[in-house]
Amino acid sequence: MAGRQRTIVTGVIGSDTHIVGNRILTMALEKAGYKVVSLGALTPATDFVKAAVETRAAAILVSSLYGQGELDCRGFRDLCVETGLQDILLYVGGNLVVGKRSWEETEKTYLDMGFDRAAPPGTRAETVLEWLARDLG
Amino acid sequence: MSGALLIDFGSTYTKLRAVDLEGRRLLGSGQGPSTVDSDVGIGMQAALADLERRCGALPRFRYRLASSSAAGGLRMVTIGLVRELTAEAARQAALGAGAKLVGTFAYRLTAGDVAGITALAPDIVLLAGGTDGGNAEVVLHNAGALAAAAIDCPIVYAGNRAAGDDARRLLAAKTLVCAANVMPEFNVLDIEPARAAIRQVFIDRIVHAKGIDRAAAQFDRVLMPTPAAVLEGARLIADGLPGTPGLGALLVVDPGGATTDVHSIAAGEPAPGVIPQGLPEPRVKRTVEGDLGMRHSAAAIAQAAGLDAIAADAGLAPARAAKMLAEISADFGRLPQSADEAAFDQALARAAVGIAVRRHCGTIQTVYTATGPVTVQHGKDLSRIDAVIGTGGAVVASRDPRAVLEMALADAAQPMVLKPRSPRLLIDREYLLYACGLLHSVEPRAALELALAHLADLDQEIAHERTDRA
Chain A
-2 MAGRQRTIVT GVIGSDTHIV GNRILTMALE KAGYKVVSLG ALTPATDFVK AAVETRAAAI
58 LVSSLYGQGE LDCRGFRDLC VETGLQDILL YVGGNLVVGK RSWEETEKTY LDMGFDRAAP
118 PGTRAETVLE WLARDLG
Chain B
-18 MSGALLIDFG STYTKLRAVD LEGRRLLGSG QGPSTVDSDV GIGMQAALAD LERRCGALPR
42 FRYRLASSSA AGGLRMVTIG LVRELTAEAA RQAALGAGAK LVGTFAYRLT AGDVAGITAL
102 APDIVLLAGG TDGGNAEVVL HNAGALAAAA IDCPIVYAGN RAAGDDARRL LAAKTLVCAA
162 NVMPEFNVLD IEPARAAIRQ VFIDRIVHAK GIDRAAAQFD RVLMPTPAAV LEGARLIADG
222 LPGTPGLGAL LVVDPGGATT DVHSIAAGEP APGVIPQGLP EPRVKRTVEG DLGMRHSAAA
282 IAQAAGLDAI AADAGLAPAR AAKMLAEISA DFGRLPQSAD EAAFDQALAR AAVGIAVRRH
342 CGTIQTVYTA TGPVTVQHGK DLSRIDAVIG TGGAVVASRD PRAVLEMALA DAAQPMVLKP
402 RSPRLLIDRE YLLYACGLLH SVEPRAALEL ALAHLADLDQ EIAHERTDRA
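First to last, the protein sequences are chains A and B. Each residue of the first sequence is one higher than the one before, starting from -2 at the first, in the working numbering. Each residue of the second sequence is one higher than the one before, starting from -18 at the first, in the working numbering.
If you're looking for bench data, these hints aren't it; they were derived computationally from the structure. Predicted model, so just to flag it, every value in this text is computed and none were measured. Heads up, some of the hints might be wrong.
Using C-beta positions, here's what the derived DEER-type ranges look like [as the list claims (entries may be wrong)]:
1. B:Arg149 <-> A:Arg20: 36 to 44 Å
2. A:Glu127 <-> B:Gln284: 57 to 65 Å
3. B:Ala96 <-> A:Trp100: 49 to 57 Å
4. A:Pro41 <-> B:Glu173: 44 to 52 Å
5. A:Gly72 <-> B:Arg150: 35 to 43 Å
6. B:Glu173 <-> A:Gly134: 46 to 54 Å
Ideal Cβ positions, reconstructed from N, Cα and C, are used throughout, including at glycine.
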């Protein structure tokens, strides 16, 4: 539908309280014209998906800063498939692993989980906006 | 003197309260059978005769207002999309409108669901789903499924606004009322418009469909279902009016024969530093526990609380308690005939109040994060509310109502449950809450002052007893 405002669901997954980066991202998304459903910190994976179902979101952007994202995000795509959102765009970003692992390796881990894109630490909001513009067409 | 007559067409009794509007006092009460199955007017006449017998010649009533829970109450089915989101919002709207929920559905209705709804033959179906501009597909699928079904009751649409026109087209052959979305934005609850729409359908159609308007000569209007009147009364007593403060945030508990109703009028916001999670709950919230009734579901109370625990609370041997449970389950009209039976009823009421209030209140939970423990809250924090009001026979007729109401209070054994800590305990001895809720619509000040004058403060009563003894 032309001209329809796209909805993006975002928040910080798991037992993670690091909200600042996600707030900055939310502000950038809103400024770019998206309707943002911001779930805040400490958000279980299921809450992202439920919010996306009700609001017919075009994408879910998951933040994880405390190193346990790999555990929290496991099965995220399956959850989407289960609720009829098999085609939804999924991004993840932040400090996605603990310890020394190359970014290539980390990225592959998340892409294998079904995320469409993974953003390393230090990714700028502008980059995410470019990705969205490209991926949502 | 100018008076008002407040009528409750109940499922068992037709109850009347006559009040003196200037004097802010109760003139008298009357009761007759519920005769909605034959002619509602017969029970009404009997109740009027009873009232006249008790308080002499009746004044001319300036208002004669009624609420009704007769003929099964306002039986509703609610439909939403995600169970914890729009389906829950729809449920809250229906409960707040005073409905008896007979079915709640989420996601796409299946053929089996539609057959189930048809068989339930509800009075009203509330259809929600999707935030405004959000998912439209599921709510329209469900509208289409209802349209194709042999369901002839009114449907209230309170789903995605953007799908409203299509829903209207699909449901053109049905009686349809549209209200604002129960969840216009994600996690934002807006149930008042849907409640108002349900109430209007109730007034316009259900009162007639249930045959209550056959007694139309004996009253002016049926305003709402009785549970909604109780909720209105509670809201008035909590909030007060300009110049007359109310009691503040409060909770009403009503252990009835078939269900235990709990109403709270309180924002229930988290304490400083506590993070709220999940769907925000309405400030004016009603819950109905279908498995906690003093008679129809006494066995279920025993199951929820444990019969041994109830027996111990009543000071009875378990076998004796089991026998009493069997007796009241076989005869719903049975009243306690011995001290032991009264003790058993008291223990049932205590269990029902304890569990129903626990389910109504929010909970806190500690989540361990990388930066330390964090407290999150689900539901409403009612720990700091000002008053708890008990209503209904199981509280009012109890020889120790304080012991029943104390079960609504916070329990050191369940520190995660946000039950009231130190509220005033009051009882609605004259069963006036519904009457004040009705009167509120025409004479709010009289309704408020009447309620405040007649709610009995249990602490003060105890103080009086102490002075009497001294």
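Inset, instruction - Starting from the hint list further up, note which numbers the structure goes against and sort them upward. - result: Checked against the structure, the hints that fail are numbers 4, 6, while the rest are satisfied.
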